[in-house]
Amino acid sequence: MSVQGLDYGKLSLQDALDLAVLIEEEAKERYLEFADQMQVHHNPEAESFFRFMAGNEEKHRAELAGRRQRLFADAPSKVSSAMLFDVEAPEYDEARAFMTPRQAMESALGCERKAHEFFAGLLDQIKDPSVKELFQELRDEEVHHQALVKRELLRLPPDSGLNPDDFADEPVAQ
Amino acid sequence: MNCQPKDFKSDLKPIWCPGCGDFGVVQAIYRALAAVGRLPHDIAFVSGIGCSSRIPGYTTAYGFNSVHGRALPIAQGLKIANPDLLVLVAGGDGDGFSIGGGHVAHAIRRNIDLTYIVMDNQIYGLTKGQLSPTSKQGLQTVTSSLGSLEQPVNPLLYVLSYGAPFVAQGTPADMAGLAAVIEEAIRFPGFSFVNVQSPCVTFGEDDWQLKQHKAVMKSLQSLGHDPADVIAAMRLAQGYGHELHTGVFYRAPQPPPTYDALVRARQQEQAGKALPRERVLELFAAKKKETAA
Ligand SMILES: Cc1ncc(C[n+]2csc(CCOP(=O)(O)OP(=O)(O)O)c2C)c(N)n1
Ligand code: SF4
Ligand SMILES: [Mg+2]
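Just so you know, the protein sequences line up as chains A and B, in that order.
The numbers in our numbering rise by one with no breaks, and the one at position 56 of the first sequence is 56.
The numbers in our numbering rise by one with no breaks, and the one at position 41 of the second sequence is 41.
Please keep in mind that the hints were generated in silico from the structure rather than gathered at the bench.
For clarity, every value in this text was computed on a predicted model and none was experimentally measured.
The reader is advised that the hints may include incorrect statements.
Cβ pair distances, simulated, as ranges [claimed, not checked]: (1) B:212 / A:173: 22 to 30 Å; (2) B:10 / A:45: 23 to 31 Å; (3) A:117 / B:189: 40 to 48 Å; (4) B:264 / A:76: 26 to 34 Å; (5) A:78 / B:162: 38 to 46 Å.
Glycine is no exception: its CB is placed at the ideal position from the N, C-alpha and C atoms.
Start from the sequences, fold in the hints, and give me the full structure.
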């Protein structure tokens with residue numbers, strides 16, 4: 001997980017909002033990719049959980065993007081999606097063809113935790129009070145997201161005990 | 001127009017096993033292409049056959065999923081015919097270093113301006129887990145039930161020894177580093193090679209997946225390596241198989257002329273010696289008369 005080419009000490013509120021929007025967008029895109037992977041490998045339970053997560057990330061993204069628009073309209077952004085590497089998005093090796101919904105949720109929970117750590121870890125470097133306030137809000141938001149995923153986890157029946165690494169659904173040879 | 005990484009992502013859904021290292025590689029390629037700033041229609045992406053060779057289809061660039069081991073010759077022809085295209089070549093360790101191994105040397109010595117990315121998972125993924133040329137000695141697979149007897153090919157030393165002017169290695173365990181070396185390779189004027197340690201979650205070794213990469217990888221920069229020093233690069237490249245070095249091993253401080261540049265120079269040189277059109281026609285007419293007589 002990393003962000004390249006940003007000096008956090010110099011972040012303005014506009015930059016911070018742009019960064020937050022892109023973090024949510026990256027996570028949404030990755031959950032959609034995971035959902036597509038599950039669809040390709042006929043795993044509808046994990047697919048629907050990843051689509052649910054993509055929907056959550058999109059809601060949060062839209063809310064932040066709206067705020068950015070109200071405050072700064074179309075002012076050009078200094079932050080780009082190419083600077084972000086798996087800040088809140090699950091890493092690619094988290095997915096498995098036959099992962100259970102529980103494993104999918106545990107992976108998402110791990111992502112909410114890493115996003116929390118990301119914002120919490122930045123606070124010391126932030127000078128602008130409005131940016132600090134935003135990052136505190138985002139950090140706390142991640143705790144709320146964790147609670148959401150934990151609630152979903154509690155509703156699940158226990159896993160079968162089978163290891164998804166013992167099953168494969170690899171591409172067909174050419 | 002400025003492209004974003006997602007502008008290079010096609011609508012085709014990858015059929016790779018979820019968890020495959022190649023997902024990270026294609027994402028790093030999107031990032032690198034966005035940074036380089038060329039448009040998808042200015043890019044041609046050629047591959048051979050293998051799981052990794054499906055990669056061009058997952059981008060919006062022109063793609064050619066060609067023949068096993070033949071990506072490099074096709075890409076060279078393409079670049080010579082259309083020098084303005086940015087040409088990327090990709091494939092697996094099997095594609096590049098067994099069936100296609102003979103082409104690597106010639107692509108290097110011709111020094112055609114293209115970027116060759118090998119997704120090295122030390123196995124034949126697509127055909128379900130046979131030994132590959134980079135599999136480590138002793139590896140048990142469906143074709144080596146008692147363990148491989150052969151020494152693995154070292155892709156880094158292989159290309160360095162043939163004189164490749166740009167050689168780097170990355171892993172999707174360090175996405176930022178991987179995107180950066182691919183970008184640098186694309187920008188390099190001449191043949192550039194990036195070996196990507198891209199684990200196969202299905203047939204690869206359990207103890208050589210991204211989690212292990214994260215634990216052991218060392219950036220060459222942090223070791224104080226000077227990428228202009230080819231001897232140091234070769235020494236470090238010997239660590240292949242037991243160490244995981246990331247970054248640029250070698251970047252020729254003075255990039256040698258590309259094949260294209262040499263052809264242009266030769267054409268100019270010859271153009272000065274060419275006879276005027278009238279004289280050529282005269283000679284032709286005389287020869288014709290002589291043969292007819
Ligand atoms: C001429 C020819 N020989 C053999 C094959 C069968 N074949 C397809 S892919 C492959 C090897 C794939 O291994 P690698 O290049 O390492 O790619 P990976 O699937 O691991 O990404 C082989 C032997 C073929 N398609 N064509
Ligand atoms: S078989 Fe291996 S290389 Fe092929 S898609 Fe699956 S994990 Fe990737
Ligand atoms: Mg392979």
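Consistency of the hints with the structure:
1. Checking the proposed 22 to 30 Å range against residue 212 of chain B and residue 173 of chain A shows it holds: the Cβ atoms sit about 27 Å from each other.
2. At roughly 27 Å, the beta-carbon separation of residue 10 of chain B and residue 45 of chain A lies within the given 23 to 31 Å, and the hint holds.
3. Checking the proposed 40 to 48 Å range against residue 117 of chain A and residue 189 of chain B shows it holds: the Cβ atoms sit about 41 Å from each other.
4. Taking the beta carbon of each, residue 264 of chain B and residue 76 of chain A are about 40 Å apart, not inside 26 to 34 Å as hinted.
5. Separation of residue 78 of chain A from residue 162 of chain B is about 43 Å and conforms to the stated range, judged on CB atoms against 38 to 46 Å.
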